[in-house]
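Q: Sequence:
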Amino acid sequence: MTVTLQPARIKAISLDLDDTLWPIWPVIARAEQALQDWLRPRAPATSAWLANAENRHAVRQALLQSRPDIGHDLRTLRQELIRHVLREHAEDEALVAPAYEVFIAQRMRVALYDDALPALDWLSKRFPVVAVSNGNADVQRVGLGSFFRASLSAQEFGVGKPDARIFHAAAQAAGVEAHEVLHVGDDAALDVVGALHAGMQTVWVNRSAQNWPHAPHQPHATVNDMAALCRLLG
0 MTVTLQPARI KAISLDLDDT LWPIWPVIAR AEQALQDWLR PRAPATSAWL
50 ANAENRHAVR QALLQSRPDI GHDLRTLRQE LIRHVLREHA EDEALVAPAY
100 EVFIAQRMRV ALYDDALPAL DWLSKRFPVV AVSNGNADVQ RVGLGSFFRA
150 SLSAQEFGVG KPDARIFHAA AQAAGVEAHE VLHVGDDAAL DVVGALHAGM
200 QTVWVNRSAQ NWPHAPHQPH ATVNDMAALC RLLG
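When we follow numbering that gives the first Met the number 0, the leftmost residue of the sequence shown carries the number 0, and every step to the right adds one.
Any given hint might turn out to be false.
Claimed, not checked - In silico DMTMM-like links for lysine to aspartate or glutamate, alpha-carbon gap of 20 Å or less:
#1 K124 to E179
#2 K10 to E176
#3 K124 to D114
#4 K10 to D120
#5 K124 to D113
#6 K10 to D113
#7 K124 to D224
Think of the hints as simulated: they come from the structure by calculation, not from any bench.
Let's have the full structure, built from the sequences with the hints guiding it.
A: Have a look at this one:
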């Protein structure tokens with residue numbers, strides 16, 4: 000299926016955050032380390048156990064199986080992971096809330112791609128821009144709030160991408176119809192296919208030159224960074 004971007008239709012931009020505006024895994028690695036460092040003098044067994052990535056993954060998967068209702072809510076999922084490990088090691092479960100605050104404070108310390116800030120400035124002067132994320136970054140805490148008309152996260156909204164409802168809510172927040180929105184993001188399935196099913200035009204931000212994995216669906220355009228997006232729309 001061949002699709003062609005129609006710039007004249009675009010009245011608003013909805014925009015993914017993680018791995019679109021900044022690389023996420025260095026952020027998560029730093030937040031995991033800060034959590035372990037904070038727990039070490041307070042819950043040493045829990046800290047040591049969390050240092051193993053396979054351990055963390057196993058508990059996360061078990062929680063997702065037993066509590067599918069929190070799959071979209073990364074805050075609750077992280078808190079329950081910490082609680083589970085503290086309980087298993089007979090350490091103080093009252094540490095859950097402050098431990099999470101240590102983690103999330105580091106989670107908000109992002110290092111933008113070089114092209115991100117100029118692109119946000121360019122886009123926000125021409126369109127209402129709405130953040131749409133399955134992650135738990137807060138555009139205000141990250142320091143980008145002035146560029147966004149609104150911000151929707153899965154954990155606050157109740158469902159995440161690729162559910163059409165969060166895309167339609169983004170269009171509503173921008174004050175336009177879904178077909179007037181261009182959704183921009185790095186995840187081929189969650190961002191592009193999800194937004195296509197919601198009736199939006201899409202641009203795939205493909206920084207690592209991957210092959211498109213979801214034929215016959217196709218993005219309306221593919222760019223290698225946000226500067227290329229601005230050139231495309233300019």
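Q: So, for every hint listed, does it hold in this structure?
A: Against the structure, the hints come out as follows:
For the proposed pair K124 and E179, the alpha carbon gap of about 17 Å is at most 20 Å, so the pair holds. With a C-alpha separation of about 9 Å, the suggested pair K10 and E176 falls inside the 20 Å cut-off, and the hint holds. Proximity of K124 to D114 is assessed by CA-CA distance (about 16 Å); at most 20 Å being required, the pair is judged to hold. With a C-alpha separation of about 16 Å, the suggested pairing of K10 with D120 holds against the 20 Å cut-off.
Taken as a hint, the K124 and D113 pair is honoured in the structure, with Cα atoms around 19 Å apart against an allowance of 20 Å. A C-alpha spacing of about 26 Å is found between K10 and D113, which places the hinted pair above 20 Å, so the restraint is violated. Between the alpha carbons of K124 and D224 the distance comes to roughly 19 Å, so the proposed pair stays at or under 20 Å and holds.
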